[in-house]
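Q: In case you want the letters, here they are:
2 protein chains.
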Amino acid sequence: MSDNFDPRRRQVLLGSAVALASTSLLGLSPLSLAADMALPDYVNWKTPEALIVHSANTLETKRDAIGTSIVTSNEQLFIRNNLPPPPPSIVADRDAWTVAFKGVKNPRSISLGELKTLGVTTVATVLQCSGNGRAFFDHETSGTQWATGAAGCVLWSGVPLKTVVDAMGGSLGDLPYITSTGGEELPAGLDPKSLVVERSVPLRALDQAILAWELNGEPLPLAHGGPLRLVVPGYYGVNNVKYVKQVAFTAEQTDAKIQASGYRIRPVGQGGAPDQPSMWEMNVKSWITQPLEQAKAGRVRIQGVAFGGAKEVKNVEVSLDGGKSWQAAPFVGPSLGPYAWRPFVLIVDLKPGDYRLVSRASDVEGNAQPEEELVNERGYGHNGWRDHGVSIAIV
Amino acid sequence: MSDNFDPRRRQVLLGSAVALASTSLLGLSPLSLAADMALPDYVNWKTPEALIVHSANTLETKRDAIGTSIVTSNEQLFIRNNLPPPPPSIVADRDAWTVAFKGVKNPRSISLGELKTLGVTTVATVLQCSGNGRAFFDHETSGTQWATGAAGCVLWSGVPLKTVVDAMGGSLGDLPYITSTGGEELPAGLDPKSLVVERSVPLRALDQAILAWELNGEPLPLAHGGPLRLVVPGYYGVNNVKYVKQVAFTAEQTDAKIQASGYRIRPVGQGGAPDQPSMWEMNVKSWITQPLEQAKAGRVRIQGVAFGGAKEVKNVEVSLDGGKSWQAAPFVGPSLGPYAWRPFVLIVDLKPGDYRLVSRASDVEGNAQPEEELVNERGYGHNGWRDHGVSIAIV
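Line order of the protein sequences matches chains A and B.
Just so you know, we're using UniProt numbering here: the first sequence kicks off at 1 and counts up by one.
Just so you know, we're using UniProt numbering here: the second sequence kicks off at 1 and counts up by one.
FYI, nobody ran anything at the bench for these hints, they're computed from the structure.
Glycine is no exception: its CB is placed at the ideal position from the N, C-alpha and C atoms.
It is possible that part of the hints are untrue.
To be verified - Residues from chain B shown here face chain A by an in silico Cβ test under 10 Å; the list is partial:
1) T47
2) N74
3) G217
4) Q276
5) P277
6) W280
7) N283
8) G333
9) S391
10) V395
Could you put the whole structure together from the sequences, leaning on the hints where they help?
A: Right, here's the structure in full:
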């Protein structure tokens, strides 16, 4: 990928209106069109200036809309729904929502009202789509061409999943997966397994998973999975099942398509299969959010965000010369815990000219962002620092 | 104040429609009317369900709208403006906003664009009006009858004030006050000193004050003082000067009315004067946010918020019997630093009956909430735990 890669270029190169129309049908998003798309009704409360509307179910936060105040507001937070959300009636009486538990000693359904009396915790997490950064792959990838904005850092309140499981006598033995099912309505006449949002995560996720009913201090909006969402801190977005209606401890991963063949790391051109790595724990990542195009010569503020994914981020470095030399960039503000991101700011004196700014984060276990991405068919998990850089002109 | 005090009762007792009309003129707010008032245009992006509209310039967050996710969203945050906000044109080109510095070695005006290149920090603070809790005083107080909702916990990004002062050669000696002026337009024909929002804080506030341009990850909204606001962590809201256009180090406190006689702790019936305590550092405080009226017998979740004010909060206790006996209530979620509030949750088993729930916080220096308020003419600084309790029925 060249130093001057612009994710919009791919669409521009497609050229004709016919090509644009066909890419839309494929789920690709010519940003020149997207910029003019209005917010879908169910998220009409979001901030249009901060978002790129790829489709009704895929909205990306603009790169420079991310600030340094750590949290991403509900109004700026990206949307990625695998299916259209259920009707608003499900949040009319939030406490009446029920989730069924299976694979526990005393299986039963439990209402959100009762869940709220079992325990409460609050955790900050980076919520990130597996395909964030997909636009930077060289090969043609199907799926939304996210650059950096299928990610945000938010605060959730809910009950630890372990607390609920304990209240049901604990999970049965030898069931190594937690399999959760979303409450989306499935279109009739199609194989449910091909559509249902049902995800399995390894049992180790029980350490940090919560059932969340609040987002950034507000009742969890329907668009983000309200009234109740499974949140697995440190895991990619797809594992955070919205409108969760069932949580089961299972011997095997679900055979739903979204798990069995979807969200797998596989060689380009190869089909998805259960023996390929699943998009579970996130990797260490960072990117610069400002400046993106140009800045005045003199003191220049370079800012961005860095996170460790499944492990806490330790530090981040910035390069002004495309990765030849690096300097530490300080974090600003309090740490919101191991699963949050940390804004960083580096202020430097720059003379007029062209610069390639890149950032590289490391987690507390010494994992650093690689220079290049792991190439894979669907364009998942891109954390290569080179592609995430920005070329700016100092004038 | 009785155990069953309801801040709405005062208005209800006033009885007639004439009385209601007259209290409106006085700035009192019959909540039964307020509940039907629409959001003023300049804050039409806020969440109406979460707010009580006392007037166009005073909006209160409903007590049970405060959740456990620590941050108060911009959409839920209270509004208290001493004057109507300036026109939206001042946020059209945010970086062009200038603030004049005086009382420094090299006094000059500096643009927001330049401020952003001097340094960046992020701090969480409780933003609270001096009159929060005014509704709980026994004597008649003029001013908005806030109960608990003239407060929120938010994240600010900006430059430390000290960094800016250092860049101007430091402050001149023997100038013990920082005096800041807001950019509101003053109505013609009236004495500017009687209206201008100009506040002096002691020089010690330089340790933590920032000039903020971002609120909860978004560009600081005009309604909350954008494009630039002086934020003095740990200080009452009035000191956090909106649309700040001048910061001066001064030998004396300003003689503007809002400082000289306003926002002073004074005996009931006495006028305001510069020798009375000014509303600077906040005191330790807490209140329960849920439940407020009733809950089902069995496991009941009691939640609230606690903060130390100018010092970090250390712990909070809850009483189920109006203060006869107490038990520790655990905080939930990460600490966002000494100036933030901490949500607490206590889950208890309750039998049917009537309960008086109260909470009492202490800061790290051992200051605890008093049982009663310090009675004062204008109803400022109420942190007495008794009045902040709630009477609930367990059914």
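Q: Identify whether the interface hint at Q276 of chain B stands, where standing means a beta carbon of chain A within less than 10 Å of its own.
A: 35 Å, violated
Q: Classify the hint on N74 of chain B as holds or violated, based on whether any CB of chain A lies nearer than 10 Å to its CB.
A: 7 Å, holds
Q: The hint names G217 of chain B as touching chain A; please verify it with the least Cβ-Cβ distance against 10 Å.
A: Where the cut-off is 10 Å and the nearest Cβ of chain A is about 4 Å from G217 of chain B, the hint holds.
Q: Does S391 of chain B pass the interface check with chain A, least Cβ-Cβ distance below 10 Å?
A: Status violated, d = 20 Å.
Q: Going by Cβ atoms only, is N283 of chain B closer than 10 Å to chain A?
A: 23 Å, violated
Q: Are W280 of chain B and chain A close enough, Cβ to Cβ, to be under 10 Å, as the hint says?
A: 24 Å, violated
Q: Was the hint right that G333 of chain B lines chain A, CB cutoff 10 Å?
A: 3 Å, holds
Q: Holds or violated: is the Cβ of T47 of chain B closer than 10 Å to a Cβ in chain A?
A: 7 Å, holds
Q: Against chain A, with CB atoms and a cut of 10 Å, does the hint on P277 of chain B hold up?
A: 31 Å, violated
Q: At a threshold of 10 Å, is the proposed contact between V395 of chain B and chain A supported by beta-carbon distances?
A: Nearest chain A Cβ about 14 Å off; hint violated.
Violated hints, listed in ascending order, are 4, 5, 6, 7, 9 and 10; each of the other numbered hints is respected by the structure.
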